[in-house]
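S.K.: Protein chains in written order, with my numbering: chain A, 1 to 251; chain Y, 252 to 502; chain S, 503 to 753; chain X, 754 to 1004.
Worth flagging that the hints you see were computed from the coordinates, not collected in a lab.
Please note that the accuracy of each hint is not assured.
List of simulated lysine to any residue pairs, SDA-like, C-alpha gap at most 25 Å [to be verified]: (1) X/K937 x X/E895; (2) A/K5 x A/D58; (3) S/K516 x S/T572; (4) Y/K436 x Y/N293; (5) X/K799 x S/G728; (6) A/K41 x Y/K489; (7) Y/K435 x X/V818; (8) S/K622 x S/E696; (9) X/K877 x S/K622; (10) S/K622 x S/T572; (11) X/K782 x X/V806; (12) A/K229 x Y/R456; (13) A/K238 x Y/K489; (14) Y/K489 x X/K877; (15) A/K5 x Y/G491; (16) Y/K443 x Y/K489; (17) X/K987 x S/D703; (18) X/K873 x X/V818; (19) S/K543 x S/G728; (20) A/K184 x A/N6; (21) S/K516 x X/K937; (22) Y/K489 x A/S118; (23) X/K995 x S/D701; (24) Y/K489 x Y/K336; (25) Y/K297 x Y/H317; (26) Y/K489 x A/D38; (27) Y/K489 x Y/M471; (28) Y/K436 x S/E696; (29) S/K744 x X/V806.
As the structure is a prediction and not an experimental result, all values here were calculated from the model.
So you can see what is in the structure, the chains are spelled out below.
Number of protein chains: 4
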Amino acid sequence: MNEPKNDTDYSDLKALFINCTLKPSSIDKESHTRKLVDVSKNIFDKAGVNTEVIRLVDYDVPVGVHEDMTEHGFNTDEWPELQKKVDGADILVIATPIWLGQISSVASKLVERLYAGSSKTNYKGQYKYYGKTGGCLITGNEDGIKHCSMALLYSLQHIGYTIPPQADAGWIGEVGPGPSYGDKKENTEGEKIEHVGFDNDFTNRNTTFMTWNLIHMARMLKDQGGLPKYGNVKSDWKDGEKFGFENPEYR
Amino acid sequence: MNEPKNDTDYSDLKALFINCTLKPSSIDKESHTRKLVDVSKNIFDKAGVNTEVIRLVDYDVPVGVHEDMTEHGFNTDEWPELQKKVDGADILVIATPIWLGQISSVASKLVERLYAGSSKTNYKGQYKYYGKTGGCLITGNEDGIKHCSMALLYSLQHIGYTIPPQADAGWIGEVGPGPSYGDKKENTEGEKIEHVGFDNDFTNRNTTFMTWNLIHMARMLKDQGGLPKYGNVKSDWKDGEKFGFENPEYR
Amino acid sequence: MNEPKNDTDYSDLKALFINCTLKPSSIDKESHTRKLVDVSKNIFDKAGVNTEVIRLVDYDVPVGVHEDMTEHGFNTDEWPELQKKVDGADILVIATPIWLGQISSVASKLVERLYAGSSKTNYKGQYKYYGKTGGCLITGNEDGIKHCSMALLYSLQHIGYTIPPQADAGWIGEVGPGPSYGDKKENTEGEKIEHVGFDNDFTNRNTTFMTWNLIHMARMLKDQGGLPKYGNVKSDWKDGEKFGFENPEYR
Amino acid sequence: MNEPKNDTDYSDLKALFINCTLKPSSIDKESHTRKLVDVSKNIFDKAGVNTEVIRLVDYDVPVGVHEDMTEHGFNTDEWPELQKKVDGADILVIATPIWLGQISSVASKLVERLYAGSSKTNYKGQYKYYGKTGGCLITGNEDGIKHCSMALLYSLQHIGYTIPPQADAGWIGEVGPGPSYGDKKENTEGEKIEHVGFDNDFTNRNTTFMTWNLIHMARMLKDQGGLPKYGNVKSDWKDGEKFGFENPEYR
Chain A
1 MNEPKNDTDY SDLKALFINC TLKPSSIDKE SHTRKLVDVS KNIFDKAGVN
51 TEVIRLVDYD VPVGVHEDMT EHGFNTDEWP ELQKKVDGAD ILVIATPIWL
101 GQISSVASKL VERLYAGSSK TNYKGQYKYY GKTGGCLITG NEDGIKHCSM
151 ALLYSLQHIG YTIPPQADAG WIGEVGPGPS YGDKKENTEG EKIEHVGFDN
201 DFTNRNTTFM TWNLIHMARM LKDQGGLPKY GNVKSDWKDG EKFGFENPEY
251 R
Chain Y
252 MNEPKNDTDY SDLKALFINC TLKPSSIDKE SHTRKLVDVS KNIFDKAGVN
302 TEVIRLVDYD VPVGVHEDMT EHGFNTDEWP ELQKKVDGAD ILVIATPIWL
352 GQISSVASKL VERLYAGSSK TNYKGQYKYY GKTGGCLITG NEDGIKHCSM
402 ALLYSLQHIG YTIPPQADAG WIGEVGPGPS YGDKKENTEG EKIEHVGFDN
452 DFTNRNTTFM TWNLIHMARM LKDQGGLPKY GNVKSDWKDG EKFGFENPEY
502 R
Chain S
503 MNEPKNDTDY SDLKALFINC TLKPSSIDKE SHTRKLVDVS KNIFDKAGVN
553 TEVIRLVDYD VPVGVHEDMT EHGFNTDEWP ELQKKVDGAD ILVIATPIWL
603 GQISSVASKL VERLYAGSSK TNYKGQYKYY GKTGGCLITG NEDGIKHCSM
653 ALLYSLQHIG YTIPPQADAG WIGEVGPGPS YGDKKENTEG EKIEHVGFDN
703 DFTNRNTTFM TWNLIHMARM LKDQGGLPKY GNVKSDWKDG EKFGFENPEY
753 R
Chain X
754 MNEPKNDTDY SDLKALFINC TLKPSSIDKE SHTRKLVDVS KNIFDKAGVN
804 TEVIRLVDYD VPVGVHEDMT EHGFNTDEWP ELQKKVDGAD ILVIATPIWL
854 GQISSVASKL VERLYAGSSK TNYKGQYKYY GKTGGCLITG NEDGIKHCSM
904 ALLYSLQHIG YTIPPQADAG WIGEVGPGPS YGDKKENTEG EKIEHVGFDN
954 DFTNRNTTFM TWNLIHMARM LKDQGGLPKY GNVKSDWKDG EKFGFENPEY
1004 R
């Protein structure tokens, strides 16, 4: 085997995980979803990428589609502080459990709040998430990784994130009720305690590939100064610059 | 207005559109979906990108999840020739009409056939679609652009494509039966014939932004020689190289 | 025209609407989604069905997948009171706005809370929503009625509701930003104020058909005492009664 | 245990399964999806319901959204014969494998062809699938039962089928490549050959409950002569009968 090497410096990159479990830390410190987050986080950390993990349900974040809901009738809103973390990160990974085959309502609220800020622009005049890279991690005891990933990755690209190859990973068990990711189980000899899903090669490989593809894309985008600003600036479009577009009515 | 300029050379890039209308050309040369494809194609062409449009239903392509179905009992299979076109293109845009809120069955078959080839690897040992860029175009007379885009963009990233920001565009009318994209209509004065959707600023802008984001990402990936090969090569993983991954069981 | 007649008594039926707008009444009494709810409610009312409309976001309902979250660390939870309304209604209509092509996070939370109660059983031993009838109403200014309906109707049938034919209705406008359902607009002569969507024949017909199909199915199920209890009682299954099922391993 | 009894006669009911595997019988007689179909079929048979199973890919059925594609340029079309079987059945169960988290392209084509016929009316003037009952069965080696069920059950109710409670069932394994439903495996003692999924209690129970709920609903609808014709007849609506609907503009 020709051993792969990698001496690239990633210490200027920042990755933010938002864990969308339904359980506040005050009630249950454990989170199955967090366990899979930690697998990815560990790879980021060893690569020198700065990481942070937020559990959204721990914050007082109202529903809404505005940047600061205190300007829209709510007494408190911790989202603006969290938005700063999103804005400061090169990489965003949304992590969610599966409920009835869908992303959690906390993840759904997150998408709405991210969307609220998406019409703001960066210094080039592009939508502000341009130049950032996104992925997702999904856990459940049954069914729905791909469906949940569709919802999250679609939303991320729609608001401006770049999605590198294979930017989703997750774990589910065989159909039916059963243990969740990281739950303790006896091993087949009944001698030793192991954890459900930790030895799933598919989950481990996909989580690793996702993490590295996020790193590579973030490195590339940062080195290039984000996406070139041509053909994707809404103020230019509004001003009449059409970047080669011709209305088929008159072509 | 500070007029945007762009002197980058894109003449080495190739973009392939696959139109997944249900109607063979022999039956109906017109295709609503093709009309929107042409809006994007025209921008590519003017930017110097080489383009080609395929109407999948015109080819004898059986269903299946193998690269060449003649090796699996079918008498004919034109897919291997089409696969070469996919392999030779830097950019793939899947275009589909909406039926009952879903991508067409032709688009569904396309995804299955693309998937069949996805385990092959490129010269770096990465899955072979790595380094390529994907997007989608959706038309219907009502409802489903985002849902169809979720399905297509998810599949593309899952098999190795990079999805740049806002890589989907489309047109639908107000809910209910009605004209499709490009159908003729009288204008409000009843004097002149116009075409449905051609003046929709949202569709036009999104199609333009999508096209340019695909170009920028393809340019960037080609200039960088694709994604770096580290952390995303399955044979390395199989050989025991874990790229920083640590099994949480033993960490 | 052979004028249709209908003398059936529906006065013992109860229909509950849950409006999943993101806006609390205290902030904005208006709700586009509520306007479409009222179109359906009016038909129910005239048919003699008892109706009630709840705006979920007005209640203090935490996220979670338990029946009463005060037993799981939360200080307050108004859901148990709302669950009683759900349990007392023969018909449930979930109404939601569309955000990024998806049901609102409030609707997502609703599904999680409904799901939490779904393992309880009725007097026959069937899952407790058996015998009830469900539908949905969707509004947005662009794209997603069918996708949102898929999510809601799937969840309802999965937890025990019967879905009659064409149990979804909604309104969206042409793709792109624009007015929402019930927003004021000048009519074409610029003389009179009208409301967006109110004259959409497709929306009106589908809302009417949905309402009547819910009524017919609820009437039928109530008259029959719900679904027969055979082949659908989990305690019987657990006790070894297999209702004709044979394990193919031994057949 | 109070043994459940059931003396109802179901011999006038007919259930049609359409297996949407990608593999023609001429190439592979085996179909994982068919194995799960047979579990449900056996319950129907023992209940006295008449059953038939079609493998759609064995027929020459072009894509399209018309009832008979030979009237739209195709040389052959076996769908009209299959449509008669659909029309003659009280119960339709669509069975599909999962590919990339989605229903197969054969299932997608089936939905398009069923949709083509959906505007025809029954003797009451209702859309012609009114009064029929629908469900689905899903198999895969990983991920997507609920997502595929959403797509199929939504389509069925949209075109007029009634969906009884818990009308979907399926089997998938733990995430990652692995055996499909019914594949042979050695049992834990390595002595005896067993079949993957056959002993999954969740799959078996859900398949049983689905089957019985389809039977109960079909029985109920047949005994009642289908859904009452009031509020759901498009020609009445077109003729100006509004069934209690009032345009909110004028209310």
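S.K.: Under the criterion that the straight-line Cα-Cα distance not exceed 25 Å, is the pair X/K877, S/K622 satisfied?
M.R.: 39 Å, violated
S.K.: For a C-alpha distance cap of 25 Å, please report whether Y/K489 and A/S118 respect it.
M.R.: Roughly 40 Å between the alpha carbons, so the hint for Y/K489 and A/S118 is violated.
S.K.: Decide if the proposed pair is consistent with the structure: X/K995 and S/D701, CA atoms, cutoff 25 Å inclusive.
M.R.: 13 Å, holds
S.K.: Just to be careful, I want the Cα atoms of S/K516 and X/K937 compared with a cutoff of 25 Å; is the pair within it?
M.R.: 51 Å, violated
S.K.: With the threshold set at 25 Å, check whether the alpha-carbon distance from Y/K297 to Y/H317 stays at or below it.
M.R.: Distance ~37 Å between Y/K297 and Y/H317 Cα, so the pair is violated.
S.K.: Below or equal to 25 Å on CA atoms is what counts here, so check A/K5 against A/D58.
M.R.: 40 Å, violated
S.K.: Given the hint that S/K744 pairs with X/V806, does the C-alpha gap stay at or below 25 Å?
M.R.: Holds: S/K744 and X/V806 sit about 23 Å apart, inside 25 Å.
S.K.: Is the straight-line distance between the alpha-carbon of S/K516 and that of S/T572 25 Å or less?
M.R.: Cα-Cα ~29 Å, so violated.
S.K.: Is the Cα-Cα distance between A/K5 and Y/G491 25 Å or less?
M.R.: 14 Å, holds
S.K.: Is the straight-line distance between the alpha-carbon of Y/K489 and that of X/K877 25 Å or less?
M.R.: 63 Å, violated
S.K.: Do the alpha carbons of Y/K435 and X/V818 lie within 25 Å of each other, as the hint requires?
M.R.: Since the Cα atoms of Y/K435 and X/V818 sit roughly 21 Å apart, the hinted pair holds (cutoff 25 Å).
S.K.: Check the hint pairing X/K987 with S/D703 against an upper bound of 25 Å on the C-alpha distance.
M.R.: 11 Å, holds
Going through the hint list in order, the structure does not satisfy hints 2, 3, 8, 9, 13, 14, 16, 20, 21, 22, 24, 25, 27.
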